[in-house]
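Student: Just so we're aligned, residue 48 is where the sequence shown starts under the working numbering, counting upward by one.
The hints are simulated quantities; they were obtained by calculation from the structure and are not laboratory data.
Cβ atoms here follow ideal geometry from the backbone N, Cα and C, with glycine treated the same way.
Please note: incorrect hints may appear among the correct ones.
[To be verified] The calculated lysine to any residue pairs, modelled on SDA-like cross-linking and capped at a C-alpha distance of 25 Å, are:
(1) Lys186 - Pro420
(2) Lys453 - Val424
(3) Lys453 - Asp411
(4) Lys370 - Asp493
(5) Lys178 - Gly118
(6) Lys475 - Gly498
(7) Lys186 - Pro235
(8) Lys370 - Leu172
(9) Lys499 - Tyr486
(10) Lys109 - Ala206
(11) Lys103 - Thr331
(12) Lys96 - Asn106
[Stated by the list, open to error] Pairwise CB distance ranges (calculated):
(13) Lys302 - Val85: 24 to 32 Å
(14) Glu215 - Pro417: 52 to 60 Å
(15) Pro235 - Trp187: 15 to 23 Å
(16) Asp156 - Gly120: 20 to 28 Å
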Amino acid sequence: MPYSLSRRQLGTGFAGLGFAASFRTAAAESCALPDWVVPLRADLESMAKRLTATLKAWNGPKRIFTPEQFGYGGEGLATAFIQRAIEAAAQGGGTVRLARGDYVSGTLDLRSHVRLEVGKGARLLGSLDLKEYPERVAKWRTVQDTNMGMNQSLIFAEACEDISISGEGIIDGRGANFHGEEGIHGTPGRPFVIRVIDCRRIHIHGITLKDSPCWMQNYLNCDDLLVEKMTVENQANFNNDGIDIDGCRNVIVRKSWISSGDDSLCFKGAAQAPTENVLIEDCTFFSSCNAVKLGTDSQSVFRNVLVRRCEIGGVSEAMRHVKPVGADSGISWEVVDGGTAENILATNIHIVRARSPFFMRLEDRGRVQPDQPKPPVGTLRKVVFERITGADNGPRGSYFIGIPEKHIEDVVLHDIKIGMAAADHWLKEDEIPEMRGVYPDAHMLDEVTAGKPHNAPAYGLWARHVTRLTVIKTQFLPATPDPRPQFLMKTDTEACEA
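Could you build the full structure based on these sequences and the hints that come with them?
Tutor: What follows is the structure in structure tokens.
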């Protein structure tokens, strides 16, 4: 029999079907999805069809250019020879093909109408000399570069159109040779492998990317980005994100596999440009941090996002890794620097080895460029988690937390069954402060206990400062009995068990 929490009973905790006596029996229709969910699903499916029809593979002239044609003999730095091939190809368009073994290079500047292709058996290797990565300070000023100095990369493209990076070969940043410190500030001395800024019509296809000194790839303020059949293993250094998409419109990432030491698929708003109309499908995202994430930078709009048919979670013991196995979270939506995130659907997802399968945080850190005023608290609303399974997840539990003056709004969990470990220690709800100013990832509960790992007060979902949270046909299944309640919701909540 379905149950629903009355608005008069805010703050009541409950465990599975063991609801407190103060709950009232609800009519079946009260457990239906909110009116906005079905139209949202239809809109996002329509968006996916449109993106699939309009985002196409690179289709430039069939002209081929090679560094060998410009004097490269197979030894020493290939940078200048590859760049000459790129400049020649840019005169009318064409492909620059690397096909004869290893090419060691520093920074390459990609041009419009050029495809960089690394052929089967070939490798583009990042130079081990930092001097070979001169700074490329982008014209599009962002929160990231003004705060973190992100100005070096192996491949750089700015204000280009119709560009591609493809091939059956490997691009290896050899990142273990660049030493740095992990943190949220400062990356000079550790180049990215790919930085694509203010570009249009980008196609990444088939390529294998390996071991960046820092983030693997960053697409910033771009339109029409198609990423498909890409393999990424970024397990060599600190801050080893898999792919970062920041302020981009019309995006598809599909049929790709990423394993990363830091966030695997990460969206950001540091470009202070909107990220809208995004389709992520048929991918695998493994991480030692967050498998799929928005944040922490959220300074603009993040809207109309569909993530479907993916396996996500933590790296396994058998996989290559530079951090502990398992992920901090499966899916994290974090809005802490102003901005708006809305109209987001994650469906047909399988989550494995995540300490928290789901995490959401709305707060008022307000990081911006140094000369900008702090923005108002952002908005996080209309988020759906649907048809999600999971296994071998950790005991921490999922949690959604806003702040007293601004709640997360309109969240749905529907048709969810996730297996997990049971906890032998946890924090009580009244032991957890508002955690203002704490770095907003799912491990933030550890800050309450000075770094000692701790678990949420509910083994399934703990929610605080959330308005209109609907839970239908949702089960979290500990491997052994867990004394915590399955749900603890101090919020304006509707909850249904079918």
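Student: So, for every hint listed, does it hold in this structure?
Tutor: Here's how the hints hold up against the structure:
| no. | hint | in the structure |
| --- | --- | --- |
| 1 | Lys186 - Pro420 | 21 Å, holds |
| 2 | Lys453 - Val424 | 7 Å, holds |
| 3 | Lys453 - Asp411 | 9 Å, holds |
| 4 | Lys370 - Asp493 | 17 Å, holds |
| 5 | Lys178 - Gly118 | 22 Å, holds |
| 6 | Lys475 - Gly498 | 17 Å, holds |
| 7 | Lys186 - Pro235 | 18 Å, holds |
| 8 | Lys370 - Leu172 | 24 Å, holds |
| 9 | Lys499 - Tyr486 | 15 Å, holds |
| 10 | Lys109 - Ala206 | 23 Å, holds |
| 11 | Lys103 - Thr331 | 22 Å, holds |
| 12 | Lys96 - Asn106 | 21 Å, holds |
| 13 | Lys302 - Val85: 24 to 32 Å | 28 Å, holds |
| 14 | Glu215 - Pro417: 52 to 60 Å | 44 Å, violated |
| 15 | Pro235 - Trp187: 15 to 23 Å | 19 Å, holds |
| 16 | Asp156 - Gly120: 20 to 28 Å | 22 Å, holds |
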